[in-house]
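**Student:** Chains as they are written, first to last, in this note's numbering: chain H, 1 to 210; chain L, 1 to 193.
Keep in mind that a hint or two might mislead.
Claimed, not checked - Here are some chain H residues pointing at chain L (derived, C-beta under 10 Å):
1. Pro-37
2. Val-41
3. Gly-188
4. Trp-196
5. Gln-204
What the hints assert, rightly or not - Heads up, simulated SDA-like pairs for lysine to any residue below, C-alpha to C-alpha not over 20 Å straight-line:
6. Lys-131/H with Lys-207/H
7. Lys-127/L with Lys-42/L
8. Lys-169/L with Ile-199/H
9. Lys-207/H with Lys-169/L
10. Lys-207/H with Lys-127/L
11. Lys-169/L with Thr-15/H
12. Lys-127/L with Lys-36/L
I should point out that these hints are in silico values taken from the structure, not numbers from a laboratory.
Don't be surprised by glycine CBs; every beta carbon is placed ideally from N, CA and C.
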Amino acid sequence: MSNDNSKSKQEVTSTDEFIKGLWRDNPVFVQVLGMCPVLAVSNTAENALAMGLATAFVLLMSNILVSLLRNFVPKQVRIASYILIIATFVTVTDYAIQAISVELHKSLGAFISLIVVNCLILSRAEAFASKNTIGKSILDALGMGLGFTLALFCLGAVREILGNGSIFNIPIFSDGYQSWIVMILPAGGFFTLALWLLIINAIQTRKVKS
Amino acid sequence: MNTESLGSIFLNAALVNNFVLAYFLGICPFLGVSGKMETATKMGGAVMFVMLISSMSAYGIHAFLVRIDAPFLQLISYIVVIASTVQLVEMFIKKISPALFKSLGIFLPLITTNCAILGVALFQTNKGYGFLESIVYSLGAGAGFMLALVLIAGIREQMNFAEVPNISKGTALTLFIAGILSLCFMGFAGLGA
């Protein structure tokens with residue numbers, strides 16, 4: 001992480017395409033994209049992880065397809081075609097999750113369908129996959145997807161530990177623990193994300209100073 | 001079908017389950033265009049209108065898809081309708097009032113990726129609302145979106161004059177304000193139920 005700045009000045013290597021999504025251009029903490037699912041389904045670590053992986057899958061598949069079709073799609077209708085591609089894969093994911101676990105599907109609710117309008121996916125398709133080769137697009141999607149999952153998990157874990165006294169439904173405190181209900185409620189989502197942003201900002205400013 | 005009264009559907013969508021502060025839908029424009037009061041109100045108006053149109057079309061599409069037995073096409077056809085509605089609104093505003101068109105700028109096409117709009121269409125289908133109920137629901141959701149946007153724009157305009165630590169400037173501060181607003185809206189719980 002410490003030599004990120006020196007790296008960015010050099011030629012962009014393929015590992016760099018992957019790493020940048022995890023930290024330097026993290027979709028949630030740095031670019032602040034795709035906020036709706038981040039806040040809505042991060043009330044438990046399990047939901048957060050499932051949502052992150054589902055989004056990463058859709059991102060990967062749509063990046064591959066957009067990159068393959070980048071020379072065939074006319075410029076005027078490109079956004080519409082990207083959205084159609086994304087919607088197709090979201091439908092696939094929706095039905096797959098329903099087949100794997102009805103319970104999980106219920107707790108994620110309409111937010112699986114709402115992956116369609118996740119600005120992160122559309123912005124990667126428009127800003128990266130439509131201009132780069134398929135190999136680079138896959139790396140970019142993997143990095144961004146993992147970064148997104150990581151961020152979601154950071155939020156979900158904090159909210160579940162504080163709000164429920166457990167992680168992955170396993171209690172970690174003794175019975176005397178008074179859970180902070182507010183962390184599971186919507187307001188807790190805003191506060192937790194704000195706190196993470198503060199921490200990241202503090203780290204960045206310290207790095208710039210030194 | 002549903003037995004809720006129209007009034008309680010409206011209150012539910014606008015206040016109790018406010019789309020922005022309780023369901024986290026439409027956070028991107030909420031964080032993006034809430035810096036100035038003027039753009040916030042215009043954006044709110046445009047979103048309300050698109051919401052109403054797409055909600056009505058979604059009702060028709062759902063009925064049609066049930067008839068031809070193709071529920072897996074739901075998501076794809078909803079998003080196409082929303083995208084074309086936004087395009088229509090864009091052309092309409094351009095023709096009627098070029099000044100308004102200019103001031104909304106890039107935010108107009110971005111309404112397509114506003115999850116609140118797709119959210120309204122999906123939720124009304126899940127809840128099994130009829131035609132009239134769908135319209136009231138989308139109006140309530142639009143009003144709630146507008147309310148949240150205007151509230152936070154007002155607070156942010158005031159916050160410009162406040163001294164805050166450097167690291168909390170920008171998104172982090174907005175999120176803190178949103179969290180406090182969301183706490184306030186919890187006070188409405190049980191109002192329309």
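**Student:** What hints, given by number in increasing order, does this structure fail?
**Tutor:** 6, 7, 10, 11 and 12
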